[in-house]
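> Residues per chain, in single letters:
2 protein chains.
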Amino acid sequence: MDASTLRVGPGFRLADADPGSTPGFATEGRRSPKKHGTAELESHVGRLAELQERLFAASTGGARDAVLLIVQGMDTAGKGGIMRHVVGAVDPQGVVITAFKKPTEEELAHDFLWRVERRVPAPGLIGVFDRSHYEDVLIGLVRSLASDEELERRYGAIVDFERGLVERGIRVVKIMLHVGRDEQKKRLGERLERPDKHWKYNPGDVDERLLWDDYQTAYQVALERTSTEEVPWNVVPADKKWFARLAVQQLLIEALESIDPQWPAADFDVEHEKERLAGS
Amino acid sequence: MDASTLRVGPGFRLADADPGSTPGFATEGRRSPKKHGTAELESHVGRLAELQERLFAASTGGARDAVLLIVQGMDTAGKGGIMRHVVGAVDPQGVVITAFKKPTEEELAHDFLWRVERRVPAPGLIGVFDRSHYEDVLIGLVRSLASDEELERRYGAIVDFERGLVERGIRVVKIMLHVGRDEQKKRLGERLERPDKHWKYNPGDVDERLLWDDYQTAYQVALERTSTEEVPWNVVPADKKWFARLAVQQLLIEALESIDPQWPAADFDVEHEKERLAGS
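The listed protein sequences correspond, in order, to chains X and U. Residues 1 to 280 in the UniProt record's numbering are what the first sequence lists, from first letter to last. Residues 1 to 280 in the UniProt record's numbering are what the second sequence lists, from first letter to last.
Do not rely on the hints blindly, as some may be mistaken.
Treat identical chains as interchangeable: a pair holds within one or across any two.
When the alpha-carbon atoms are kept at most 30 Å apart in a straight line, the in silico BS3-like pairs for lysine-lysine are as follows [as the list claims (entries may be wrong)]:
| # | residue 1 | residue 2 |
| --- | --- | --- |
| 1 | LYS274 | LYS185 |
| 2 | LYS274 | LYS186 |
| 3 | LYS274 | LYS35 |
| 4 | LYS241 | LYS274 |
| 5 | LYS101 | LYS274 |
| 6 | LYS102 | LYS186 |
| 7 | LYS197 | LYS241 |
| 8 | LYS274 | LYS200 |
| 9 | LYS241 | LYS200 |
| 10 | LYS274 | LYS197 |
| 11 | LYS101 | LYS34 |
| 12 | LYS102 | LYS34 |
| 13 | LYS102 | LYS35 |
| 14 | LYS35 | LYS101 |
| 15 | LYS102 | LYS274 |
| 16 | LYS240 | LYS274 |
If you're looking for bench data, these hints aren't it; they were derived computationally from the structure.
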């Protein structure tokens, strides 16, 4: 698939993005796009695995590159599925997932970027943020947890922070999983129907849902203010889970390909070691 | 397979354990045990995934249970493969892997269990140790990094520490991947042959290999001193990778089954929430 259509550029309007669409994925002549999409996801697992291993290997030779995947979205948008089916297909030794929850007392005592900076991936690793510093401008705006002035400061601080990451060799991939309002209702309903899904449901989810339009506005502003040439946002239609997973996998692969990590050269005398091994 | 044969009991002798064997796995009448074993591994992935999800879910309802998988073994014994193929099949959001390296200055300034305690899994999680506090008695003995008296203290401290974990609700699964001397030579040789494997090779690996018998003795002592009724060791023959993976998966499944985690009951009024959702 072609993921470039997902990039947020000037003039982007979230309200015009269809959560049920599959942009960049050829559906013509395919009776079951889902089947094709799922097969494509599976077929790229090996490529992603090799790129991840190269990234890790390169870091043992001194390379500083890393990848940071930031995943945002409304409740039920499919963040967990991305973790299981896209990130979960990568060697777990090379991945560090951080799920950002409501900030602790200690975290609130620091600037909003403090807890995020501590979870930036080390060289060779793929860091994954399940929610992120963007909550501080999204909930911040919707729930008026921060003044307009403070929100302005935060948009700027985020852009600076992410530019700094890029300068340190970190490819930042920002994903908004764009689920539709009706689809969310359906998914929350499923959690209420099934006793084995009750633990995933929180009455607060409906409270947030009642602020749907406010959240869409907050996302629109955040996308406008923080989608840059260096670190663009990608809005991924998420009503079709198979499509969202395929799109995120593709964006992750492209980030790794842009690094093009190489196996490091041996820092020892290979022939000499072969002799030592033979005599051991 | 029947993993109970792998348990280290009184009178166990590591020297008598064949690294090329497949105890507990029925090979009779099977032309390709590897093919059967690999298929069995694959067929249990769903069961393991469900148990892990239940473990996590139960913790959201207040359960304190967790699992700690400790993986030890000589270089090339297959620790990385266990991480990729057994642990890697579990939802990465429910797993925390820690690879213990040579201790840092800060870590050395504390007791040897300090850095380990910090990585004990929280309720609901599966913690995985790639190497562990056992290095402090293994290398400690082989390289004389600790006095006999200090080593004695450590065996006792480990038994106490692990008993404490069990009392906190943590199932501890201890695995020694038992690779043979010849097989190690072959695997190190492969790393030297292939440029894409050079990064995995370290000249220190041969230095350690030259102390093979000392390490086997150090393992024998550690197994004797720290395999208890509550937290037994399991010695897993590791020359056949497919067997080692299947055995570790089985031990992990059994640990989770002994917990038998349950979906937590809803802590909200389901019918009321359905109404709220309908009206949102």
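> A separate judgement is required for each hint: does it hold in the structure or not?
Checked hints:
1. LYS274 x LYS185: Classified as between: cross-chain Cα gap 10 Å, same-chain 63 Å, threshold 30 Å.
2. LYS274 x LYS186: Classified as between: cross-chain Cα gap 11 Å, same-chain 62 Å, threshold 30 Å.
3. LYS274 x LYS35: This pair counts as neither: shortest intra-copy Cα distance 49 Å, inter-copy 32 Å.
4. LYS241 x LYS274: Result: close only across copies, 24 Å inter versus 50 Å intra.
5. LYS101 x LYS274: Close across copies (25 Å), not inside one copy (51 Å); limit 30 Å.
6. LYS102 x LYS186: within (25 Å within a copy, 51 Å between copies)
7. LYS197 x LYS241: within (18 Å within a copy, 36 Å between copies)
8. LYS274 x LYS200: between (55 Å within a copy, 14 Å between copies)
9. LYS241 x LYS200: within (18 Å within a copy, 37 Å between copies)
10. LYS274 x LYS197: Answer is between: at 14 Å across copies they meet the 30 Å cutoff, but 56 Å inside does not.
11. LYS101 x LYS34: Neither: 32 Å inside a copy, 44 Å across copies.
12. LYS102 x LYS34: Classified as neither; 35 Å inside a copy, 47 Å across copies.
13. LYS102 x LYS35: neither (37 Å within a copy, 47 Å between copies)
14. LYS35 x LYS101: neither (34 Å within a copy, 43 Å between copies)
15. LYS102 x LYS274: between (54 Å within a copy, 25 Å between copies)
16. LYS240 x LYS274: between (53 Å within a copy, 24 Å between copies)
This entry does not satisfy hints 3, 11, 12, 13 and 14, going by the numbered hints stated previously.
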